[in-house]
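Enquirer: Sequence:
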Amino acid sequence: MFVLGDKPSRQDRELLFAGGARLLPRRLMKTARFGRAGEFLEGIDPPGLWESAHMLQAWGGSDRFWHGLTRPDAFHRHHLNERRIARIVDEVRRFGADAAVIDDTGLSPLVPALKALGIPVIVSTHNLDSQLWLDIAANASDPHFGRWAGLVARGFEFMERTYLPLADQVWACSGIDAERFRRAFTLRDVRVVPNAIDVLPPPPPSGTRDLVYVAQMGYRPNEDAALRLIDLSRRFDARRVTHTLHLVGRPTEAIKRAAEGLPNVRVHGVVPSTAPFLAMAAVVPVTLRVGGGTRIKIVEAMAAARPVVSTAIGIEGIEARSGEDCLIVDDDAALESAVERLLDDPQEAQRIGLNGHALAQARYSHVAVTRQVAEHLSALGLALEAGDARRPPPQASAVAQGGRFDPTTRMLQWRVQVRAAHPLEDAEVELATGEDRALYNSSVSVGWCNGPGRPLQFVDIVAVLPSSVAIEDLVIRAFAYGEQVLEVRGDGRSVTEATTGLLAADWQDDGRLAGLVWTRADRAPEIVFERQAQAAVGVARPLPARPGVAVAPFVLDAADRGDPKVRRLDVRSAGAAPETGQTFWLIDAFKGRHETTSARLAALRGAHAGQTAWIIGNGPSVRTEDLDRLQGRLCFAFNRFYLAHDQTRLRPTYTVSGDRQMIEDFGQEIADRSGGTVFLADDRCPAVVGDYVWLRQLALWPPLFSMRPDRWVSPGGSSLYIALQLAWFMGIRRFYVYGADFKFVYRRERHADPFRVASGDGNHFIKNYRNNQPWCPPSFINICPAFHTARTMVESEGGWIRNVTRGGLLEMFERGDFEQALADG
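Under our numbering, the first residue of the sequence shown carries the number 15, and numbering increases by one thereafter.
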């Protein structure tokens, strides 16, 4: 494969290199010289048509500028000259190609040179470009741009008339374009090959009233469509129609100005992936007035099962039925009415979205399109190997792996660096055991590694391993286009065992940072601030309940705190690798002392000293008859426990929520309907009115245990952890945990909000616990160290946390029996 034109990004180059591609970028031009008065076009090649697009405002009034764009070589001046054509032909000859596919009419001057090799030559077109650019020129508001677009149209028309008739086949994106080519030119063989995309199983409805438009906004037709959607949002605002418009893609200045000050328009710019935005869409409106080919973003919206409302020109080339696979409208008023109708009728929106998904699967998936390609090649006497009608899967290989394993929590952090010819974001990546045993408490994420050199991708695993599963039992597999492309087995030798970590830290009145660390009893902890100053560490005290673990105090003098702009605290075993411990970044929100958030909470300090608390989870194992027996005891419940009030007599003493999504969706209900005192934890006081106590939440890692929750708490990925900090402050050192199943079953969805990528409502004994709202999946990298920290803190003062849940997978707390706990209580 040869890639001509603009230089791809580092990540795209890595994928192309891995796939065996050759890159032939445009020749660099010294555009700074064009800006000097009197020197324009003196002694150097003038810019070609594509390079000149950004010079129109500065040089549109220059006759010499336009003269350079009317020369015969203007279209290809800086990326396809005679020397480059000869080089490409020589490479294709050495490669021994059976056929050549030229992707884009703009490269069609290669046709006669490649035909001379005696192989079939195919031109795959994106549009009938001459007509498209004539339409763009006719609709241009800027006269310089209109003149420039007319020259582009003339260049495309010359190539379409001169070179396409020489090709053995011409591929068009749609049946409409194919017919236009047949009418306009005398061509040997015109066939349809639609643009292909990955089509995954349809996700559930978004449950939002969001409108999403994804486009390259610098392209004038797309800019015009975005501006029309901004006008639609204004009209919705005037009529008080609830909605949010998301414009995804690099915006032009005109779009920024038009969207400024509008409360329901979000301009997102360039994003790593458009999939999360499509996942959050209730409707995808398309207001194009000019275009050609196949609108790939419409097909992507259909593949995401999102209903599309489009102008006829916007959806032209897609074989969709209005009223079934999409809604096709004639003007702005009809589009406004259709969008509002789908926002108000989620069932109809879902029906159209699912029909569109079925169309994308049948006509535009890689499997469907590759079958068509195979048929077209067979007409030239060519065949795909073994009759395979799928795109051959690109392979991937592991370059390195490593991680950290904490034997006290059984939590594994495992990273594998991968070199692949395919973005892993588009593959299905899974973690399994060699015997395919289920691993409920695990998460998989992928991305690109930072650093010099050729970029690598990574697979990050966070998993809580059952006692019966070793690291060597684990295997990572990745699948693309229905084929396995990667398999990596765990290697325990590459994983470091955790031997120490932070428990608590806070600023003292004298400016010192003081706290506690845990360590293995046979290791001495070492605390280094800013990689220079060492904190004073006190004598480690072994825990009677766990002889292999010890707790030690530390103090960092105020004079040793280093540069206030950078705050890093490294905790590790003395003389050991950093991976044996943790790095704590002192975020801005943590710096300095905090005032109490509530005098009411401050008054609860020590209020329950000597008592035993029951921490009541909402897991599926909960029995309402058990809850009845806990009435009258000191109980902490969570989130929407009030939904069970009609099933049990239990009314908890305290209700706690540190779940931001839960507070956003149901915070007012929690404050109004919960039993006892309500605590809501967030980084800001939530917009909830009524009788509740706000807890200032600091997103710290590792999740420090706050001994002053009246000032701040650490979320630790769980409202249960917040409740333990509160109860500690109230003087409680003995805890029973009930109903914490720690077995999470959910579907991971794509969503623009990374904290709303989970769906599924079967993890609680209460039906419709989340009302089908997307939620934040469990963060084991926070939960596991948080639970270990809470247990260690409580045991360091002679207390205990016993898990008396009926079943479940939570093994980080000492197990106990529910009936015995009741009797002992």
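Rather than coming from a laboratory, the hints here were simulated on the basis of the structure. Among the hints, a few may not be true.
[Claimed, not checked] Across the chosen pairs, the derived CB separations fall in these ranges:
| hint | residue 1 | residue 2 | range |
| --- | --- | --- | --- |
| 1 | 74 | 274 | 19 to 29 Å |
| 2 | 459 | 251 | 29 to 39 Å |
| 3 | 825 | 769 | 52 to 62 Å |
| 4 | 786 | 198 | 46 to 56 Å |
| 5 | 663 | 787 | 26 to 36 Å |
| 6 | 560 | 663 | 32 to 42 Å |
Yeah, the Cβ is synthetic: ideal placement off N, Cα and C, and Gly gets one too.
Enquirer: Against each hint, give a clear statement of whether it holds in the structure.
Expert: Tested hints:
1. Our hint of 19 to 29 Å for residue 74 and residue 274 holds, since their Cβ atoms are close to 27 Å apart.
2. Judged by the Cβ atoms, the range 29 to 39 Å given for residue 459 and residue 251 holds: they are separated by roughly 38 Å.
3. The hint said 52 to 62 Å for the Cβ distance between residue 825 and residue 769, and at roughly 27 Å that hint is violated.
4. About 51 Å separates the C-beta atoms of residue 786 and residue 198, a value consistent with the hinted range of 46 to 56 Å.
5. Between residue 663 and residue 787 the C-beta distance comes to about 29 Å, which sits within the given range of 26 to 36 Å.
6. At about 37 Å, the CB distance of residue 560 to residue 663 agrees with the hint of 32 to 42 Å.
Hint 3 alone, counting from the list given before, is not met by this structure.
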